[in-house]
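Asker: Each protein sequence line maps, in turn, to chains Y and X.
Heads up: the first sequence runs through residues 1 to 157, numbered per my numbering.
Heads up: the second sequence runs through residues 158 to 314, numbered per my numbering.
Take the hints with a grain of salt, since some may be wrong.
[Claimed, not checked] Selected chain Y positions facing chain X (in silico; Cβ < 10 angstroms): (1) Gly45; (2) Val68; (3) Phe81; (4) Ala110.
[As the list claims (entries may be wrong)] Sample of chain Y residues facing chain X (criterion: CB under 10 angstroms; computed from the structure): (5) Arg3; (6) Ile30; (7) Pro47; (8) Arg62; (9) Trp78; (10) Ala84; (11) Val90; (12) Glu91; (13) Gly99; (14) Ala111; (15) Thr112; (16) Phe125; (17) Phe127; (18) Pro129.
[To be verified] Capping the alpha-carbon separation at 20 angstroms, the derived lysine to aspartate or glutamate pairs in EDC-like fashion look like this: (19) X/Lys273 with X/Glu224; (20) Y/Lys116 with X/Asp165; (21) X/Lys273 with X/Glu183; (22) Y/Lys116 with Y/Glu26; (23) Y/Lys116 with Y/Asp60; (24) X/Lys273 with Y/Glu67.
It is worth saying that the hints were derived from the structure and are not from the lab.
Ideal Cβ positions, reconstructed from N, Cα and C, are used throughout, including at glycine.
2 protein chains.
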Amino acid sequence: MDRPIHPDVEPLGFLLGTWSGEGQGEYPTISPFGYRETVTFAHVGKPFISYTQRTVATDDGRPLHAEVGYLRSPRPGWVEFVVAHPTGVVEVDEGWFSGSSLRLRSSLVAATGTAKDVTAVERDFDFEPGVIRYSLRMAAVGQSLAHHLQARLQLEV
Amino acid sequence: MDRPIHPDVEPLGFLLGTWSGEGQGEYPTISPFGYRETVTFAHVGKPFISYTQRTVATDDGRPLHAEVGYLRSPRPGWVEFVVAHPTGVVEVDEGWFSGSSLRLRSSLVAATGTAKDVTAVERDFDFEPGVIRYSLRMAAVGQSLAHHLQARLQLEV
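Construct the complete structure from the given sequences, taking the supplied hints into account.
Answerer: Structure representation (structure tokens):
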């Protein structure tokens with residue numbers, strides 16, 4: 001049964017569906033790399049949108065990263081984002097949503113005992129009809145905040 | 158392409174697949190409730206197992222909770238579990254895995270600005286072939302650690 005989208009997240013309803021595209025990664029401690037990404041946003045009628053992400057290497061298709069979480073919007077123009085990473089990291093982000101852009105900043109990043117140390121994440125999203133562009137900055141493994149990822153995704157039809 | 162399971166998580170390989178069953182919830186601040194649960198564990202050949210969970214109410218099938226995350230086992234007998242909740246909560250658990258039981262205790266629970274306050278989670282799992290039993294205790298909304306959930310899940314064939 002299809003349930004109507006919850007009013008809290010209706011302004012984010014354009015995200016619903018599966019998006020895919022290509023991105024580039026870099027960081028002071030690693031070699032640059034290309035990736036293909038698939039993101040799915042879904043809802044069940046409650047005040048959140050679920051988020052599932054996977055990337056594979058452009059060169060040989062091997063699995064790279066994945067992450068999962070939920071978006072909430074407890075008041076108009078404000079978005080909360082909780083994310084779990086298979087690296088043993090959890091992330092809590094919050095920030096402004098304008099309709100065409102979303103600027104998320106981590107309020108907390110924490111990890112299991114053996115995970116690599118990540119201390120801050122900033123995610124900038126820009127939206128056009130059928131297109132998401134994002135960039136991600138990260139402070140990790142002793143580095144200060146530095147550019148890590150950028151990608152362009154298109155809504156699959 | 159099916160990739161072989163990573164040796165780190167091979168002892169948890171019996172979890173792979175989709176499990177379903179019924180559970181009962183209670184907490185000092187709410188009325189008891191029954192739920193039907195579906196859990197899926199999957200892997201892509203990397204050192205983690207993904208976890209996706211959904212529950213619906215036994216009485217009318219309305220969506221109740223959901224949670225997503227990843228299991229890691231950086232050394233034999235030790236499991237790390239990171240979870241994101243649509244309530245705006247993230248959870249980092251660690252604990253012992255004996256083969257037939259898993260005892261996870263939160264090392265950190267954190268949340269977005271508007272989420273309900275959860276301060277600790279304890280998850281006990283007991284395994285038999287094709288059956289998972291779990292119970293979950295939680296400290297939240299000013300209450301000390303108290304029993305919240307228990308369920309019995311069977312592997313779908």
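Asker: So which of those numbered hints doesn't the model satisfy?
Answerer: Of the numbered hints given earlier, those the structure breaks are 6, 13, 16, 17, 18, 23, 24, listed in rising order.
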